[in-house]
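Take the sequences, apply the hints, and build the full model.
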Amino acid sequence: MGRVPTPAIAAALFLSCSLGACGRTRSQTEVPRFVEGNGRHALLVDGAPFLILGAQANSSSNYPSALEHVWPAIEQLHANTLEPFAVLYDALAPIARAWARLGLAHPTWGVAKPDDNSAQTMALGRGNATVRDDQWQFGGADWTWMPRDPSPLLERESGGAMVAELGEDEYLVFAQHARIEFALDDPGAAKGVILDRVEGHFVADEWVMDRVWNGDQTDYGLNVTARPRVLRVTLATY
Numbered sequence: 002m003g004r005v006p007t008p009a010i011a012a013a014l015f016l017s018c019s020l021g022a023c024g025r026t027r028s029q030t031e032v033p034r035f036v037e038g039n040g041r042h043a044l045l046v047d048g049a050p051f052l053i054l055g056a057q058a059n060s061s062s063n064y065p066s067a068l069e070h071v072w073p074a075i076e077q078l079h080a081n082t083l084e085p086f087a088v089l090y091d092a093l094a095p096i097a098r099a100w101a102r103l104g105l106a107h108p109t110w111g112v113a114k115p116d117d118n119s120a121q122t123m124a125l126g127r128g129n130a131t132v133r134d135d136q137w138q139f140g141g142a143d144w145t146w147m148p149r150d151p152s153p154l155l156e157r158e159s160g161g162a163m164v165a166e167l168g169e170d171e172y173l174v175f176a177q178h179a180r181i182e183f184a185l186d187d188p189g190a191a192k193g194v195i196l197d198r199v200e201g202h203f204v205a206d207e208w209v210m211d212r213v214w215n216g217d218q219t220d221y222g223l224n225v226t227a228r229p230r231v232l233r234v235t236l237a238t239y
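Under this note's numbering, the first residue of the sequence shown carries the number 2, and numbering increases by one thereafter.
Heads up, a few of these hints could be off.
Stated by the list, open to error - Simulated restraints, written as ranges between beta carbons of each label pair:
1. 167 to 51: 40 to 46 Å
2. 72 to 188: 41 to 47 Å
3. 39 to 220: 56 to 62 Å
4. 77 to 122: 41 to 47 Å
5. 76 to 50: 22 to 28 Å
6. 207 to 129: 26 to 32 Å
7. 44 to 120: 30 to 36 Å
8. 187 to 105: 29 to 35 Å
9. 39 to 74: 29 to 35 Å
10. 187 to 95: 35 to 41 Å
11. 76 to 169: 42 to 48 Å
12. 188 to 51: 47 to 53 Å
Think of the hints as simulated: they come from the structure by calculation, not from any bench.
A virtual CB, placed ideally from N, CA and C, is assigned to each residue, including glycine.
What follows is the structure in structure tokens.
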């Protein structure tokens, strides 16, 4: 996976794929289409009429400063076509300025859930980060000794991760519906470990720690579920 030149591109990739713009991943009997009958038009999804209760957030209203007024209006409308944007924008808004500042001085990368649910690896210098969208929260991808049903994440159309370099072996990670595994490019040269993984947020562009991740959230990589998370990750070698 090549480097993403700006954080805006990574965010756009992540958000657009959350809405399915990067390709359909859900198994369906037929592709959604518009049909006409008796002078009327309708959208068919899975062979049944689908009523779009949409809300538009365009122009200046899609900037973080205006979103606090946008979301209540959308909720009152009971819109069903903006929710993926709502969840991610709500999580991205507090870190937008900090991420943009980081992107001017440091490399950033980003991946979104692919059509085939394959693992995606981002080259981070001497190491890499592999993002998987098809794993259960517990267990390893290489576990063949225990029978498993397919992960329910296979049916989701959203998922992905963005990574920004903070310094040598230190990264800021934003992710949803993903497992992230860090590794060295040359495992034979040294052993690599995640020294620290801290969830937090930004206040006036300053990092504020909320809690340290451990246990089930880190046993098999960083397991990020439906709620988007912001993590500061520090790696080490020995």
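Right, here's what the structure says about each hint:
1. 167 to 51: 40 to 46 Å: Distance hint for residue 167, residue 51 holds at roughly 43 Å.
2. 72 to 188: 41 to 47 Å: 45 Å, holds
3. 39 to 220: 56 to 62 Å: 58 Å, holds
4. 77 to 122: 41 to 47 Å: 43 Å, holds
5. 76 to 50: 22 to 28 Å: 24 Å, holds
6. 207 to 129: 26 to 32 Å: With a Cβ separation near 29 Å, residue 207 and residue 129 satisfy 26 to 32 Å, so the hint holds.
7. 44 to 120: 30 to 36 Å: 34 Å, holds
8. 187 to 105: 29 to 35 Å: 30 Å, holds
9. 39 to 74: 29 to 35 Å: 34 Å, holds
10. 187 to 95: 35 to 41 Å: 37 Å, holds
11. 76 to 169: 42 to 48 Å: 44 Å, holds
12. 188 to 51: 47 to 53 Å: Holds: the Cβ-Cβ distance is about 49 Å, inside 47 to 53 Å.
In summary, this structure violates none of the numbered hints.
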